[in-house]
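Asks: One letter stands for each residue in the lines below.
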Amino acid sequence: MKELTLQTLIAVFEEMFGRGLFWALVAVAVVVTGLYLYVLIRDRALSMRKFLWAQLSMPVGAVAAVVFVQKITSSGFRDIGGPIDVVVVLGIATLGAIGMAILVYTAQSLFRSKHG
Amino acid sequence: MLTYEDIRPSRRGLLGLAAAGLAAATLTAPARAAKVATKARIVIIGAGAAGTAMANRLIDRLDGAEITLVDARAEHLYQPGLSLVAAGLKPASYTLSKTTDWLPSGVRLVSEKAAAIDPVAKSVTTEGGTRLDYDFLIVAPGLVLDHGAIPGFSLDMVGSNGIGALYAGPEYAAKTWDAARKFTEEGGVAVMTRPTTEMKCAGAPLKHAFLVEDIASRGVGAGKYEVHYAAPQGALFGVPIVAEKVRMLFGQRGIKTHMNHKLLSIEPGQKRATFEKTEIDSVTKTEVKSTVEIPYDYLHVIPPQRAPDVVRQSGLSWADKWTDQGWVECDQKTLRHLRYPEIFALGDVAGVPKGKTAASVKWQVPVVEDHLIAAIEGREGVETYDGYTSCPLITRVGRAMLVEFDYNNNLVPSFPGVIAPLEELWISWLMKEVALKATYNAMLRGKA
Ligand SMILES: Cc1cc2nc3c(=O)[nH]c(=O)nc-3n(C[C@H](O)[C@H](O)[C@H](O)COP(=O)(O)OP(=O)(O)OC[C@H]3O[C@@H](n4cnc5c(N)ncnc54)[C@H](O)[C@@H]3O)c2cc1C
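Line order of the protein sequences matches chains B and A. Just add 592 to the spot in the first sequence (first one is 1) and you have our numbering. Just add 6 to the spot in the second sequence (first one is 1) and you have our numbering.
Since the hints were made in silico from the structure, they are not lab data. Every residue, glycine too, gets a C-beta built ideally from N, C-alpha and C. No incorrect hints appear here.
Keeping only pairs whose Cα atoms sit at most 25 Å apart, straight-line, the calculated DMTMM-like set for lysine to aspartate or glutamate is:
1) B:K663 <-> A:E191
2) A:K104 <-> B:E606
3) A:K119 <-> A:E72
4) A:K283 <-> A:E273
5) A:K283 <-> A:E299
6) A:K339 <-> A:D326
7) A:K206 <-> A:D337
8) B:K663 <-> A:D220
9) A:K262 <-> A:E299
10) B:K663 <-> A:E429
11) A:K268 <-> A:E250
12) A:K339 <-> A:E386
13) A:K295 <-> A:D152
14) B:K663 <-> A:D184
Residues from chain A that keep clear of chain B, each with C-beta distances beyond 10 Å, as calculated:
15) R67
16) Y346
17) L417
So the derived list for chain A, only partly shown, Cβ under 10 Å to chain B, looks like this:
18) R402
19) F421
20) A426
21) L431
22) W432
23) S434
24) L436
25) N447
26) R451
Sequences are here, hints too, so could you generate the full structure?
Replies: Written out as structure tokens, the structure reads:
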């Protein structure tokens with residue numbers, strides 16, 4: 593590739609998920625992040641109990657993200673061919689884990705705030 | 007397409023993310039020079055990958071130019087997707103869009119075939135008789151597939167009787183999968199062929215062989231099928247280091263090779279293909295030709311490929327090279343015609359030793375743009391094309407090798423030290439599966 597711009601990147605992601613799904617996912621990510629910041633500011637503290645659940649959910653998020661990418665690209669774990677592929681898998685897993693943790697923490701804060 | 011500007015208003019209020027993104031967009035957007043004012047008449051023949059990308063870039067760079075695209079085809083084909091369609095991984099519609107989807111306003115589209123070029127009078131005449139005078143001409147009509155050159159074969163056979171021909175277009179690629187799928191489920195002998203001529207995406211016959219073998223290994227299973235690869239060339243790929251790698255992979259996968267085998271004809275009723283085999287006699291050192299018959303259950307045909315008639319009949323072709331194919335005579339670094347400096351060749355039709363991939367087009371377009379605009383401004387252009395050619399060589403469903411090379415057969419990896427060109431990698435497959443079409447589309451819009 594000669595030049596990699598934000599526009600090219602956006603085009604890549606639109607193609608990857610389909611335009612509608614991609615922007616829906618972006619919207620979901622933005623909303624969840626916004627809600628997360630909202631509950632942090634509202635509660636003015638990080639609840640360790642909720643954080644524990646969030647941590648426990650991370651492996652689930654990691655696996656789900658990797659399986660999702662494999663599914664949309666007709667591939668699987670058998671296709672890991674070299675170190676860079678392991679890095680890519682770990683990268684996708686990390687994103688999935690963090691996303692899931694934020695989601696779980698936020699959901700608990702919103703729906704079970706009295707017990708937290 | 008949705009651009010960043012389109013989404014800005016709705017997201018802006020939220021966490022200032024949009025503003026941050028916009029700043030990033032401004033940072034990464036390539037710097038654009040001021041538009042060049044001109045009254046030049048520029049005619050582009052062909053609204054495929056090359057012609058469309060060129061039109062979009064010229065509209066961005068020129069002010070007042072009269073840009074005319076000539077192409078009768080209403081559909082735009084994303085041809086790299088055909089390999090995926092022919093392996094059942096994507097539907098035919100994956101490769102289809104409308105020619106007009108990609109054209110900028112300000113370009114005039116003449117929906118007719120160019121029938122004649124007069125490089126002396128500087129005019130193009132369409133099939134309908136419209137005469138288009140030009141100051142600059144960009145010849146980008148791609149190439150034609152000469153299916154008639156193989157006696158016994160015709161396109162209506164594709165999909166039945168074990169015959170595939172994925173180059174012929176989206177519908178034929180889908181039918182090719184019908185025939186190939188039967189083989190992967192029932193087994194037998196598959197014979198993959200390649201033409202004697204130059205061809206677009208020289209990796210595609212290999213990809214098809216690899217994909218069909220991989221799917222058969224998971225379908226009917228080992229021992230019930232054989233894959234044969236027959237080609238008129240002496241090596242499996244034009245770049246020696248890649249040819250060796252493919253030879254090793256074919257060995258591991260049990261794909262049998264028949265080099266120096268040219269497909270002469272087929273007998274679809276008997277399911278038999280006839281090849282001309284060329285050998286060097288060990289004593290006399292002369293070429294000895296013989297015919298060989300290979301029975302098949304699945305046969306993949308890629309026909310000889312040539313420059314369109316309009317090019318060959320207009321005297322633009324090389325007189326002493328590829329005389330049976332007629333590629334445009336041009337400087338291999340600037341793609342400028344050697345006898346008519348106001349004519350440039352772009353894409354598959356260019357008579358240069360490498361190229362003939364969409365990835366090459368991506369690197370050629372800025373070069374021709376530079377020299378054309380330099381000519382308008384009365385100076386010399388500086389950009390050069392080094393033969394960059396790229397082909398994500400799929401070796402399995404889920405793996406590929408990101409092979410990139412230049413005129414000198416050097417590997418020129420885009421991600422050196424990160425994505426190894428001769429390794430079968432998942433990341434390279436992801437590139438082909440998800441990033442390639444997006445990059446291609448961005449290129450069509452002149453943005454990559
Ligand atoms: C099966 C397959 C797999 C491929 N895989 C890859 C890949 O993985 N990576 C890659 O980079 N490239 C790949 N390619 C190659 C790539 O698609 C081509 O190199 C690219 O499309 C060339 O662009 P072009 O503009 O020269 O020709 P095209 O895109 O073919 O466009 C030519 C246009 O000219 C028009 N035309 C023809 N004759 C005339 C005339 N007389 N008058 C007016 N218009 C005319 C046609 O209608 C067409 O619209 C593949 C190709 C095939 C077939």
